[in-house]
Amino acid sequence: MPNPQLNAHGELAHLLSIDGLSRDILTRILDTASSFLEVSDRDVKKVPLLRGKSVFNLFFENSTRTRTTFEIAAKRLSADVINLDVARSSTAKGETLLDTIDNLVAMHADMFVVRHAASGAPYLIVDHLRRTGRSDVRVVNAGDGRHAHPTQGLLDMYTIRHYKKDFAHLTVAIVGDILHSRVARSDILALNTMGVAEVRAVGPQTLLPTALEKMGVRVCHDLHDGLRGCDVVIMLRLQNERMNGTLLPSAREYFKCYGLTPKTLALAKPDAIVMHPGPMNRGVEIASEVADGPQAVILPQVTFGIAVRMAVMSILAGN
Amino acid sequence: MPNPQLNAHGELAHLLSIDGLSRDILTRILDTASSFLEVSDRDVKKVPLLRGKSVFNLFFENSTRTRTTFEIAAKRLSADVINLDVARSSTAKGETLLDTIDNLVAMHADMFVVRHAASGAPYLIVDHLRRTGRSDVRVVNAGDGRHAHPTQGLLDMYTIRHYKKDFAHLTVAIVGDILHSRVARSDILALNTMGVAEVRAVGPQTLLPTALEKMGVRVCHDLHDGLRGCDVVIMLRLQNERMNGTLLPSAREYFKCYGLTPKTLALAKPDAIVMHPGPMNRGVEIASEVADGPQAVILPQVTFGIAVRMAVMSILAGN
Amino acid sequence: MPNPQLNAHGELAHLLSIDGLSRDILTRILDTASSFLEVSDRDVKKVPLLRGKSVFNLFFENSTRTRTTFEIAAKRLSADVINLDVARSSTAKGETLLDTIDNLVAMHADMFVVRHAASGAPYLIVDHLRRTGRSDVRVVNAGDGRHAHPTQGLLDMYTIRHYKKDFAHLTVAIVGDILHSRVARSDILALNTMGVAEVRAVGPQTLLPTALEKMGVRVCHDLHDGLRGCDVVIMLRLQNERMNGTLLPSAREYFKCYGLTPKTLALAKPDAIVMHPGPMNRGVEIASEVADGPQAVILPQVTFGIAVRMAVMSILAGN
Numbered sequence: 087m088p089n090p091q092l093n094a095h096g097e098l099a100h101l102l103s104i105d106g107l108s109r110d111i112l113t114r115i116l117d118t119a120s121s122f123l124e125v126s127d128r129d130v131k132k133v134p135l136l137r138g139k140s141v142f143n144l145f146f147e148n149s150t151r152t153r154t155t156f157e158i159a160a161k162r163l164s165a166d167v168i169n170l171d172v173a174r175s176s177t178a179k180g181e182t183l184l185d186t187i188d189n190l191v192a193m194h195a196d197m198f199v200v201r202h203a204a205s206g207a208p209y210l211i212v213d214h215l216r217r218t219g220r221s222d223v224r225v226v227n228a229g230d231g232r233h234a235h236p237t238q239g240l241l242d243m244y245t246i247r248h249y250k251k252d253f254a255h256l257t258v259a260i261v262g263d264i265l266h267s268r269v270a271r272s273d274i275l276a277l278n279t280m281g282v283a284e285v286r287a288v289g290p291q292t293l294l295p296t297a298l299e300k301m302g303v304r305v306c307h308d309l310h311d312g313l314r315g316c317d318v319v320i321m322l323r324l325q326n327e328r329m330n331g332t333l334l335p336s337a338r339e340y341f342k343c344y345g346l347t348p349k350t351l352a353l354a355k356p357d358a359i360v361m362h363p364g365p366m367n368r369g370v371e372i373a374s375e376v377a378d379g380p381q382a383v384i385l386p387q388v389t390f391g392i393a394v395r396m397a398v399m400s401i402l403a404g405n
Numbered sequence: 087m088p089n090p091q092l093n094a095h096g097e098l099a100h101l102l103s104i105d106g107l108s109r110d111i112l113t114r115i116l117d118t119a120s121s122f123l124e125v126s127d128r129d130v131k132k133v134p135l136l137r138g139k140s141v142f143n144l145f146f147e148n149s150t151r152t153r154t155t156f157e158i159a160a161k162r163l164s165a166d167v168i169n170l171d172v173a174r175s176s177t178a179k180g181e182t183l184l185d186t187i188d189n190l191v192a193m194h195a196d197m198f199v200v201r202h203a204a205s206g207a208p209y210l211i212v213d214h215l216r217r218t219g220r221s222d223v224r225v226v227n228a229g230d231g232r233h234a235h236p237t238q239g240l241l242d243m244y245t246i247r248h249y250k251k252d253f254a255h256l257t258v259a260i261v262g263d264i265l266h267s268r269v270a271r272s273d274i275l276a277l278n279t280m281g282v283a284e285v286r287a288v289g290p291q292t293l294l295p296t297a298l299e300k301m302g303v304r305v306c307h308d309l310h311d312g313l314r315g316c317d318v319v320i321m322l323r324l325q326n327e328r329m330n331g332t333l334l335p336s337a338r339e340y341f342k343c344y345g346l347t348p349k350t351l352a353l354a355k356p357d358a359i360v361m362h363p364g365p366m367n368r369g370v371e372i373a374s375e376v377a378d379g380p381q382a383v384i385l386p387q388v389t390f391g392i393a394v395r396m397a398v399m400s401i402l403a404g405n
Numbered sequence: 087m088p089n090p091q092l093n094a095h096g097e098l099a100h101l102l103s104i105d106g107l108s109r110d111i112l113t114r115i116l117d118t119a120s121s122f123l124e125v126s127d128r129d130v131k132k133v134p135l136l137r138g139k140s141v142f143n144l145f146f147e148n149s150t151r152t153r154t155t156f157e158i159a160a161k162r163l164s165a166d167v168i169n170l171d172v173a174r175s176s177t178a179k180g181e182t183l184l185d186t187i188d189n190l191v192a193m194h195a196d197m198f199v200v201r202h203a204a205s206g207a208p209y210l211i212v213d214h215l216r217r218t219g220r221s222d223v224r225v226v227n228a229g230d231g232r233h234a235h236p237t238q239g240l241l242d243m244y245t246i247r248h249y250k251k252d253f254a255h256l257t258v259a260i261v262g263d264i265l266h267s268r269v270a271r272s273d274i275l276a277l278n279t280m281g282v283a284e285v286r287a288v289g290p291q292t293l294l295p296t297a298l299e300k301m302g303v304r305v306c307h308d309l310h311d312g313l314r315g316c317d318v319v320i321m322l323r324l325q326n327e328r329m330n331g332t333l334l335p336s337a338r339e340y341f342k343c344y345g346l347t348p349k350t351l352a353l354a355k356p357d358a359i360v361m362h363p364g365p366m367n368r369g370v371e372i373a374s375e376v377a378d379g380p381q382a383v384i385l386p387q388v389t390f391g392i393a394v395r396m397a398v399m400s401i402l403a404g405n
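Protein chains in written order, with this note's numbering: chain A, 87 to 405; chain B, 87 to 405; chain C, 87 to 405.
Be aware that a few hints might be false.
No copy labels: a pair is met if it fits in one copy or bridges any two.
Stated by the list, open to error - Derived lysine-lysine pairs resembling BS3-like cross-links, with alpha carbons at most 25 Å apart:
id, residue 1, residue 2
1, 250, 355
2, 132, 161
3, 355, 251
Hints are computed from structural coordinates only; laboratory data are not their basis.
Could you build all of it, start to finish, from the sequences and the hints given here?
Okay, structure coming up:
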């Protein structure tokens, strides 16, 4: 089966997952983002690349933060952005997802930015567009279930490349609830594609998936083992709903075992960088001293995220 | 009493209802829409006709779909669009509808797109604007109670004209819950004005209003009678709240008696077109085989709807 | 401690409160607003002063009306406006206010328009921006707790200057729930700075703060005393939650004692103007005959409010 993200020439037509994208394609996105980074620093932060295009934010799962980053990216490309409050819209009236898509396509949509609680929902949309002969309408996956969050994976690669230049000799530790994290999945795939030396998954057994070794990941249940000598630490958000559930004794216990503190961070290389996809739970997965400390690059991640999303939208739109 | 939609020269100043509009006015809107259809197909889907104008979407009744069509239409005309979440705004703080209008007029609004659960609300606004000397602010009725939904009526006429060229010899069947449908009311008025040969209202007695014959409509309680030999079938959405109420035994019963299937559609002319204002209840008023079949023009209706709304806004703004 | 609103050259960098702003600064804002008033009357109501700037509306407390005025003002200055529905966003996920701010700054925000139920929240943001070296990002207080609503104070000064030309000999009565009103606080400070002859606070003892005399305000518990001979009457909105609470017997009682009627208004000078920040409770604090009467300038206040907000945003952005 061909990769649904690529067109017949092997070019990126939709962004659904890091899975199946070559190092060349990832590198091209990062290079394009690099050129957009400068736009956001200008006095007039706009380029006309998507002028007159209609970008629809379809957030079936609420996320003001992520929606905002796509909205800003699209507006800086001069697109018309339409935010659909899907939870209150026709789908709530019993319309199917694909009927909603057909309707928006009929309104001459150019791009859908889709977040959905169900893994695979953006694939379903891409497949439907293909079958109806409308693959010219582009789809960006802004997070689907536990599956993928490719723009987060890309901005994390941008951040690592920015601070570490070369991926080849890096050891990267991903710490926390990897089982439920689409960010972790996208990061692991991207790190492997970019060719890092070692990826470690660090967390309690209940929050790590079983197939990690098959993905070439070293599993560490002990935070000290996981952090020792690494170049990059990616902390994951602990979802509130896990904290007092059956998977974890309590947020306080969790912090004691897996929270990143100045002391545990000292086990990593002295120039190690600390990343987090946000929003942070201070005092749960990360201590404030680390979050606000000199090794944290959490806010630069956000800045790079806008540039990466501009790059993805611009490439998909054919620029 | 003069028609509140027309100015002293008989030109369209507001769009409140199909009622009272001449065939000439309807035809001019359809012709203007025709010229806008091309804009949505361009690479840069924008014309500057409403640049610097402030269009307010005042949806006192929630409808993401319809609001989106007006938002897209206004943005493609280069207007500034402000969506007011009226349910959570000052009216919720006890302010009257007309105080809200006065305030927005004082902010130099140019156009109001109004949806309201109360029949006549847009008329009240137009009347108030006239009395306060501000008839230069335009009003578009985006659906008021059971009364009217004139842009839907217009886009339905556009669709019929597109596929059937001439209205003169057509038989049009409107099927379903006509009693509660502002779409049906607007369609019947528009079809009569455009001079079709016959309009049929098809549905159970509990869902048909009593005054239909006075509107020149042939009433059919049997779907087979209603569809036989017709050129156009307009299916109406069955509101969820009717399905298990006292008006209907059940959605399943309804589909059995009034649902459009390949078999019942075969009673219409072979080249009959099938329309639906959306969102569809598949398996309730329409079978998927019909909705996705070759006679359905439901998605072109959506495309034409954007062009028709651009035409209405552009004409009201004086272009 | 230096005034956090001013930069090292004593120029306005943020607008947090009328407190600490000189008559020169207030006058400059009003003069700038005067030049923008003309923009809203143009056919194309836009100037490119904020083109490519990103303005974030951060309304932690819901107010569709005020948010709309800032959205319109920013759009007429050609800014990109992003409305954050903060109640449903990351703060709801446990993120701190300052982490939210840091994230938006990292997205290259240029200006925050902030409404918050907590007095001082916009100060906290300004202080944080200073400590993180990002004072180039501007903050406008759109209402914080009971503390301040400076753009309302400014538009009220604009209105008074428009109708009365000179502040020097004016007597201004502010009537109603002054205790809970950030509008009243901002108005009193602005009136004192502009040098009016007398400010009167009129209301029942339970709705007047104790420190009024220290602010140079004459306290009147009797409406007749309060209105007699004054040039300007500023009516305050009675919040619904006060009406049947312990502070007031009932809305009806309140209207009898403190409602502005044609009869009580007759005690003021014949050319006195009547102002109200909106939304009005007709029949509670103000009779409809007065609200719609020839002395009311309530709708011009709204018009001036757009021009004043354009002026503030434009000055803060360095134009």
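For the identical chains here, do residue 355 and residue 251 meet the 25 Å Cα criterion within one copy, between copies, both, or neither? within (16 Å within a copy, 69 Å between copies)
Under a CA distance limit of 25 Å, which applies to residue 132 and residue 161: within one copy, between copies, both, or neither? For residue 132 and residue 161, both the intra-copy (8 Å) and inter-copy (15 Å) Cα distances are at most 25 Å.
Residue 250 and residue 355: within-copy, between-copy, both or neither at 25 Å Cα: Within one copy only: 12 Å inside a chain, 70 Å across chains, cut-off 25 Å.
Every hint, counting from the list given before, is met by this structure.
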